[in-house]
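Student: Using the hints provided, position chain U relative to the given structure of chain C.
So the chains spell out like this:
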Amino acid sequence: MARQEMLNSHYSYKKKVYVGKMKRQGNQNSGIMAQMMYYMSESRLRGKIRRITDALEADPVDVQTLKELTISADGLITVDLRCKVWTKLLNVNAFEFSRNQAKKKDNSELKQFHEHKYWRQVNLDVDRSHRRFPAEMRASRRRSLQEQLVRVIMRVLCQNQDLHYYQGYHDVAVTLLLVVGEDLATALLEQMSLHQLRDFMEGTMEKTTKMLAFLHPIIEEADPELDDFLIRSEVGQVFALSWLITWYGHVLKDFATIVRLYDFFLATHPLMPVYFGAALVIRRRTDVLSGECEMSFVHHLLSRVPDDLPDYVEELITTAHSLFCKYPPEKLAGAVERYLKESMAVAKHKQFLRELEDQRPDSVLRQRRKQLALYTNNELEVSPNFQSPNQTNTYTKLAVWTLTATVGTMALYVLSSAKRWI
Amino acid sequence: MFYDTVDEESEREVTEQVFKIIIIGDSGVGKTCLAHRFATGKFPERTEATIGVDFWERKLQLNGTNIRLQIWDTAGQERFRKSMVVHYYRNVSAVIFMYDITREGSFRALSTWLQEYGHYGFDESDTGEVPKLMIGNKCDLIHERIVSSNQARKFADLHNMPMWEISTKNDEELETIESIFLTLSHKLVKSRTFMDRPPRYTTVDSSTEQSTRSRTKSGKFRTSQKKIKLKNDSGNHKKKNCCESS
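Protein chains in written order, with the UniProt record's numbering: chain C, 1 to 422; chain U, 1 to 246.
All the given hints hold, so there is nothing to weed out.
Here are the simulated lysine-lysine pairs, DSBU-like style, with alpha carbons at most 30 Å apart:
#1 U/Lys169 x C/Lys253
#2 U/Lys82 x C/Lys210
#3 U/Lys82 x C/Lys207
#4 C/Lys253 x U/Lys59
#5 C/Lys341 x U/Lys82
#6 C/Lys253 x U/Lys42
#7 U/Lys82 x C/Lys117
Bear in mind the hints are in silico, worked out from the structure with no lab data behind them.
One chain only, chain U, in its complex shape:
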């Protein structure tokens, strides 16, 4: 689908930071649509059931830093998440929990998803909390809404997550989606710079980087980050409103 293979010479000088963002939620809530929308800017006319995991990628430039966002799109059916998707919880930079505002079941399932993520996701990066976001999709079907904004916001507050209600289908909301990811990337870059850089870049990373470079033939260099430490600053974005732009 989408994988940016354009080798830009200019990127050689600057190191690239890769962030892995995973989207989880019930089947049919629009995980693939969100990933597709963000990666290509378009709403996919037809999506299929995702089997296993799949990822989309987009390159961004933030204040002179090149970053690559890898959006991992997962299968929604329960049987897949228990044995397959769990493998992909490791080393993520952020998690998006997604539900469908017209289907209460998908909203109620969020607590199970949170629990499961909590159970599997923290074995390696327990030094800092991984940012969690909550997104309610299908706002274009507003007249079929079942899950109220209030209810959702309460839940999000309870779990220290910023919350948005969006529609991946509406073209006008593309900006909202962009801004969600931009805000997130800002935060990720900032936290990595402050928490991670000084010790790792001078010692461990330089060697890792070297070895990565020698293996890479496509001209893309990436730093390897096995651990991502983040400050627990969820208090900051707790107060953000629905559909807020950065």
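Isolated chain C, as found in the complex:
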């Protein structure tokens, strides 16, 4: 009898591990075991938060550990950590740009926006992006966020004239905006556009198409039967287009899942969204194989992401990650090779990774900014004409030198004239 009970409790313990992992059920399950597991998962999360904070404070920032923690279960957990870690994963200095934001809302910027060739398209898409904001949000708040969204996108586009806007880019921008706010979102979006999203922002969609075509070789390696079915159905890969270019922001309803995926994609290779897509298709193999082998049927089935995806997103992330390790892009043959040669996102990725290694922790950056701010506020006014931080630096130095020289000359003059008076 006692043994039976033990077995039972053992069983329930195992079951509760799973429950504990899925936080949403956590405390509601009564029973001492469930509560214990709840607290254990709490302490696990707390431990993880501490490790993330430690990695952030290391000098230079321990990006490798940050990446590992970001990929592992639950991602970055809180909004606050996301703000901090995303900037490190994208090599953005959160304390460098924010001081020239105040002057940005002037008319010259708006005029520049209006003249931009994508102004109308951006507005059209942002106006129709209601669904991406929380349903309970007040309409006025949403409208103001939508205005911010337009500014975020237009600033990146105006500063990088060779980047082309695509429908779906606003889905990426809104995700960043809702997590980190306008100023930081602009900086993060710019870095993403120059790296991970670079291939989508060419003049044509050619490279995007090639990147999408990766989907088949991955599935072919992992599940030949399924890939054969997909090929026979002539479904192509356009069903995964919005997955790739919006990082699933366009198709998922649950915001927590979207940001969890952003964690994952920011910490990994630019092609990871394709591997995640492959993992998703493979997971649904029974649905696919039991349906008709016909283009419209398969397209319809696959282009809609299952509503219960949030329940197994961690599993999919693990699968995608192991698919990537098992079949890395370099090992996939054929058309894929050609893409790899052409892709700017992939070419830049190695360089980008090296750059990430050399970042200072926020405490140092904040200190630096404070010093600089003290300096600039006391000695001189920042002219509103300064465009970029680099320029500001040169101008500041120049001004300081001039001022020193002037003061020096004045002092000499005063001294010499004083002498004369005496």
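Tutor: Relative to the frame of chain C, chain U by itself:
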């Protein structure tokens, strides 16, 4: 969104005809609204930018024939149509060119759309012309109208297209939308019956049908039509008026 998965036993006896209708036009002219309106009867309160392609489906019965209309809704932004949407021009039964009566740009772009369609769309079905329709949307914003009916009709005549001006938003116009699609389906069924049936149903199609059946588990049978031949009878509907019902 909408995909009719109800398996009706009665449909087993009759074969179903599938027609693929593609809607193209500039971004924001209301392509998704039209597809949504026709497929569900409702005006979508909120639509989003369409990325890639998406389709809606509705089953109809016309004179005892079961037909399924697949309405393919496409992304409007230029970059998508050049590399993605083109893939979906193949094997279509009809094309709807759509513009916004309050935006001249969307009307002027129609010639580019027509050209592009002409360029890509005829590689397989060059045996007969695919019916083209032209629809101007947003008639509920009549006071903001920029593209006049005359201007639009001239353009439509020039390209042998029947032309309608509608509002997907107005509930009263649901009938117009229905009738547009009904007329179109009548025409498609008729042309397929006359042009296609005798040779294909006795020889090629019977085998194709068999193979489709064996693979289908959902109980829906469809004939596969890779080629759709249609008589060039655009002269008939050239004279149809705006908002005309069937």
